[in-house]
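S.K.: Each chain is listed here by its residues.
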Amino acid sequence: MKMFSRGLVSTALIAGVLVVHTSAVAGTIRIGATMRMISENGQKYGQMVADEFDLINKNGGINGNTIELSLLNDECKSDKGVANANKFIHEQKVHLIIGSTCSSVSLPIVDVTAQARVPQIIPHSTNAKITQKGSAWVFRVPVSGRYYAGVNAKYTGENIGTKIAYICAADAASQNDCDAMQDQMRRQFNAEPAYVAQVQEKEVDFRTHMLKIKSANVDGIMIAALAETMSRALLQSYEAGIGKSVRRIGSSSASNAPVPKIAGDAVLGVFYTAAYAAADKRPIAQLFNQMVRDKYGIHAPDHDFSQAYDLVRIVEIALHRANLNLSDGSLAADRTAIRDAIASVDGYRGLASGPISFCAAPTPQCRDGNKTPVLIHYTKGGEEFETEVLARVPMPINFGLE
Amino acid sequence: MEALLGFLIFGVTIGVVYGIVALGISLIYTGLDIVHFAHGEIYMFGAFLGLVFAHQYNVPYWLAILCAMIVTGLLGIVIERVFYRRLTRAGGGYTVAGMGMIICGFGMSVVLQNIAFLIWGADAEPFPVNFGMPYQIGEIFLPKSYVATAVAALVLMGGLHVFLKKTKIGLAVRAVAQNKDIAFLMGINVPLMISLIFGVACAIAAAAGVLIGPMQSVQVEMGYLMLMKAFAAAVVGGFGSLPGAILGGLLVGIFENLGAAYISGSHKDIYAFLLLILVLMFRPQGLFGVEAKVKA
Numbered sequence: 083m084k085m086f087s088r089g090l091v092s093t094a095l096i097a098g099v100l101v102v103h104t105s106a107v108a109g110t111i112r113i114g115a116t117m118r119m120i121s122e123n124g125q126k127y128g129q130m131v132a133d134e135f136d137l138i139n140k141n142g143g144i145n146g147n148t149i150e151l152s153l154l155n156d157e158c159k160s161d162k163g164v165a166n167a168n169k170f171i172h173e174q175k176v177h178l179i180i181g182s183t184c185s186s187v188s189l190p191i192v193d194v195t196a197q198a199r200v201p202q203i204i205p206h207s208t209n210a211k212i213t214q215k216g217s218a219w220v221f222r223v224p225v226s227g228r229y230y231a232g233v234n235a236k237y238t239g240e241n242i243g244t245k246i247a248y249i250c251a252a253d254a255a256s257q258n259d260c261d262a263m264q265d266q267m268r269r270q271f272n273a274e275p276a277y278v279a280q281v282q283e284k285e286v287d288f289r290t291h292m293l294k295i296k297s298a299n300v301d302g303i304m305i306a307a308l309a310e311t312m313s314r315a316l317l318q319s320y321e322a323g324i325g326k327s328v329r330r331i332g333s334s335s336a337s338n339a340p341v342p343k344i345a346g347d348a349v350l351g352v353f354y355t356a357a358y359a360a361a362d363k364r365p366i367a368q369l370f371n372q373m374v375r376d377k378y379g380i381h382a383p384d385h386d387f388s389q390a391y392d393l394v395r396i397v398e399i400a401l402h403r404a405n406l407n408l409s410d411g412s413l414a415a416d417r418t419a420i421r422d423a424i425a426s427v428d429g430y431r432g433l434a435s436g437p438i439s440f441c442a443a444p445t446p447q448c449r450d451g452n453k454t455p456v457l458i459h460y461t462k463g464g465e466e467f468e469t470e471v472l473a474r475v476p477m478p479i480n481f482g483l484e
Numbered sequence: 002m003e004a005l006l007g008f009l010i011f012g013v014t015i016g017v018v019y020g021i022v023a024l025g026i027s028l029i030y031t032g033l034d035i036v037h038f039a040h041g042e043i044y045m046f047g048a049f050l051g052l053v054f055a056h057q058y059n060v061p062y063w064l065a066i067l068c069a070m071i072v073t074g075l076l077g078i079v080i081e082r083v084f085y086r087r088l089t090r091a092g093g094g095y096t097v098a099g100m101g102m103i104i105c106g107f108g109m110s111v112v113l114q115n116i117a118f119l120i121w122g123a124d125a126e127p128f129p130v131n132f133g134m135p136y137q138i139g140e141i142f143l144p145k146s147y148v149a150t151a152v153a154a155l156v157l158m159g160g161l162h163v164f165l166k167k168t169k170i171g172l173a174v175r176a177v178a179q180n181k182d183i184a185f186l187m188g189i190n191v192p193l194m195i196s197l198i199f200g201v202a203c204a205i206a207a208a209a210g211v212l213i214g215p216m217q218s219v220q221v222e223m224g225y226l227m228l229m230k231a232f233a234a235a236v237v238g239g240f241g242s243l244p245g246a247i248l249g250g251l252l253v254g255i256f257e258n259l260g261a262a263y264i265s266g267s268h269k270d271i272y273a274f275l276l277l278i279l280v281l282m283f284r285p286q287g288l289f290g291v292e293a294k295v296k297a
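One line per chain: the protein sequences are A and B, in this order.
If you count the first sequence from 1, you need to add 82 to reach this note's numbering.
If you count the second sequence from 1, you need to add 1 to reach this note's numbering.
Some clues are possibly wrong.
Keeping only pairs whose Cα atoms sit at most 25 Å apart, straight-line, the calculated DSS-like set for lysine-lysine is [what the hints assert, rightly or not]:
{"id": "1", "chain 1": "A", "residue 1": "LYS162", "chain 2": "A", "residue 2": "LYS215"}
{"id": "2", "chain 1": "A", "residue 1": "LYS294", "chain 2": "A", "residue 2": "LYS284"}
{"id": "3", "chain 1": "A", "residue 1": "LYS159", "chain 2": "A", "residue 2": "LYS236"}
{"id": "4", "chain 1": "A", "residue 1": "LYS326", "chain 2": "B", "residue 2": "LYS166"}
{"id": "5", "chain 1": "B", "residue 1": "LYS166", "chain 2": "A", "residue 2": "LYS294"}
Which residues of chain A face chain B? A partial, calculated answer using Cβ under 8 Å [to be verified]:
{"id": "6", "residue": "ILE120"}
{"id": "7", "residue": "LEU137"}
{"id": "8", "residue": "LYS159"}
{"id": "9", "residue": "GLN280"}
{"id": "10", "residue": "ASP287"}
{"id": "11", "residue": "ASN299"}
{"id": "12", "residue": "ASP301"}
{"id": "13", "residue": "GLY323"}
{"id": "14", "residue": "LYS326"}
{"id": "15", "residue": "SER327"}
{"id": "16", "residue": "ALA415"}
To be clear, the hints were calculated from the coordinates, so they are not data collected in a lab.
All figures in this text were calculated on a predicted structure; none of them were measured in a lab.
Glycine included, every Cβ here is placed at the ideal spot set by N, Cα and C.
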């Protein structure tokens, strides 16, 4: 009996210690991030996201809980992105998915996260259809392509002319940028395209198109393509003898560092819309530029960096607000709590040129967070490139949805 | 008319590059009875090596081409000796070993691409070379880089022709290409000649890579499409025919540019393969090929 009661006391003590231990141990917020990390820039902004979450943990975490980030490379391939998302959801049981950084990958992931009821927040994908799918689980930090097209078209029609040739690469973002720009030129100026060419995502020879564009005597050429493809097209437009008087208009990927690096002087005068310009004079932007330069060796961070940084801050705010249990049985409730907390972020001001706000309705109006494109042009090419901000344009919430 | 001339110039400049790569593929096929599916990656390696010589070691462009050719040629010899020799010894063509060689080529292509990725990363690298202001012929601007490409291609073709037709080693190479057993009985060092054929073919591919660099920049994935076009060129010209490879390259380049100009600019790559299908339908042996493909 004595032994029995001693055993009971011991068991009770151990149990008590375990209970205390369980309640004292912080929970883990699992986040899965899938991004395009094949280029130097991609690897570095992926690293920046990991570092920023690491910093949050070092500073005490989120309400005493730590963030566990799983970062995977999708190489901008939709099959890999979907596989990553499924791995996050079904194997790692994540609370939140970040990604992707390519529209062609983010688009199919929206269906996966909607079905599994996991919140998804996107650092960089411009295709307007992403938020038009009506998923209640998706949030977009970057500017939607519908806003970019509106600003590009207005500036082009009013300052360049309305006779525009279009070179449209086959990736989802470029196709969307190209179609939206043509649509806006029609709506705003009743202008039909002077020439349209659909090209491969990684096309290398644009010279035939450029010669045809030259003979069409256009006012401008819009090149909607990923960075490397756009650079080649810019260079070859000069090889075909198209002079500087014909303005080159870039899709948002013109902001990526490989464009000025590869295109060199051919990038001079190219204008485009993006979410962020390293030429931004605000103190927060200058500090950010300095941090990225010192820590990651990037001469001038583009909007891939700024948007990834803003995303981490928004996630941090939302996680602080969310009431999380972080037990095995609370996964679904925690995911819903995180979704609702992100939806409650209103008027966040960070590196983006305007406030980022979300709301509960699963509509583009609520889920396209940033509504302020920046109009930028290149003033110097090469690795030490320079840009100038032409305008910041807050857009009406319904723009491009009529 | 000026536009047509412009399209033809574009077709010829890219066509000679297709032709040079096809020349290497045909040379390997002639000598070893194998189709080398990693040739696109050899071309990519050559382009990167040219870039390294030109920009890291500040070697003049023409010398960079030569250096890239030498290093890539040696790399080709190593690949042939270490990886392909066992398979080619067992026979090529329509044999089981020939099929193994094709699969091995695919594998080598993936391996080389990943090695290049580890060394140079996935970013496209610019290959700026200052050729000076373009020539202006009427309304046509003719960049000097195009002229340089055409001249370099002519020099390479001429050099290869002289090597094969006017030198003793060239004669030995041709003998090995005709019949390895008889060549061996005649006292020719057949393994050495096979390595030489492979090395020369790889060196030629490297030259093509360095020539295309200033026009299209250099990146790890550049080999795949070039390989497809070069295969089309080799088949159009007649697989195994060296003059046919060059002519095939020119035809593919011109055909795809004229197709893009006058039919539809979108999906330009279709035209090269359309030409390939037409040639296979109406002259399966290619323009310069012989009908019987069974060798002596």
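S.K.: Does the interface hint hold: is GLY323 (chain A) within less than 8 Å of chain B, judged Cβ to Cβ?
M.R.: At 4 Å from the nearest chain B Cβ, GLY323 (chain A) passes the 8 Å test, so the hint holds.
S.K.: Holds or violated: LYS159 (chain A) and LYS236 (chain A), Cα atoms, limit 25 Å.
M.R.: Cα-Cα ~33 Å, so violated.
S.K.: Measure nothing beyond the straight line between the CA atoms of LYS162 (chain A) and LYS215 (chain A); if it is 25 Å or shorter, mark the hint as holding.
M.R.: Distance of about 21 Å is within 25 Å: holds.
S.K.: Identify whether the interface hint at ASP301 (chain A) stands, where standing means a beta carbon of chain B within less than 8 Å of its own.
M.R.: Hint on ASP301 (chain A): violated, closest Cβ of chain B at ~19 Å, above 8 Å.
S.K.: Given the proposed pairing of LYS294 (chain A) with LYS284 (chain A), does the C-alpha separation stay at or below 25 Å?
M.R.: holds, 20 Å
S.K.: Verify the proposed pairing of LYS166 (chain B) with LYS294 (chain A), using a straight-line Cα cut of 25 Å.
M.R.: Not OK: LYS166 (chain B) and LYS294 (chain A) at ~43 Å, beyond 25 Å, violated.
S.K.: With 8 Å as the cut and Cβ atoms as the points, is ALA415 (chain A) at the interface with chain B?
M.R.: violated, 40 Å
S.K.: Does the CB of LEU137 (chain A) sit less than 8 Å away from some CB of chain B?
M.R.: violated, 27 Å
S.K.: For the hint on LYS159 (chain A), does the least C-beta distance to chain B fall short of 8 Å?
M.R.: violated, 12 Å
S.K.: Would the hint on ILE120 (chain A) stand, with a C-beta cut-off of 8 Å toward chain B?
M.R.: holds, 4 Å
S.K.: For the pair supplied as a hint, LYS326 (chain A) and LYS166 (chain B), is the alpha-carbon distance within the 25 Å limit?
M.R.: violated, 50 Å
S.K.: Have a go at the ASP287 (chain A) hint: is there a Cβ in chain B nearer than 8 Å to its own Cβ?
M.R.: It holds, given that the least Cβ distance between ASP287 (chain A) and chain B is near 6 Å, below 8 Å.
In summary, the numbered hints that this structure violates are 3, 4, 5, 7, 8, 11, 12, 14, 15, 16.
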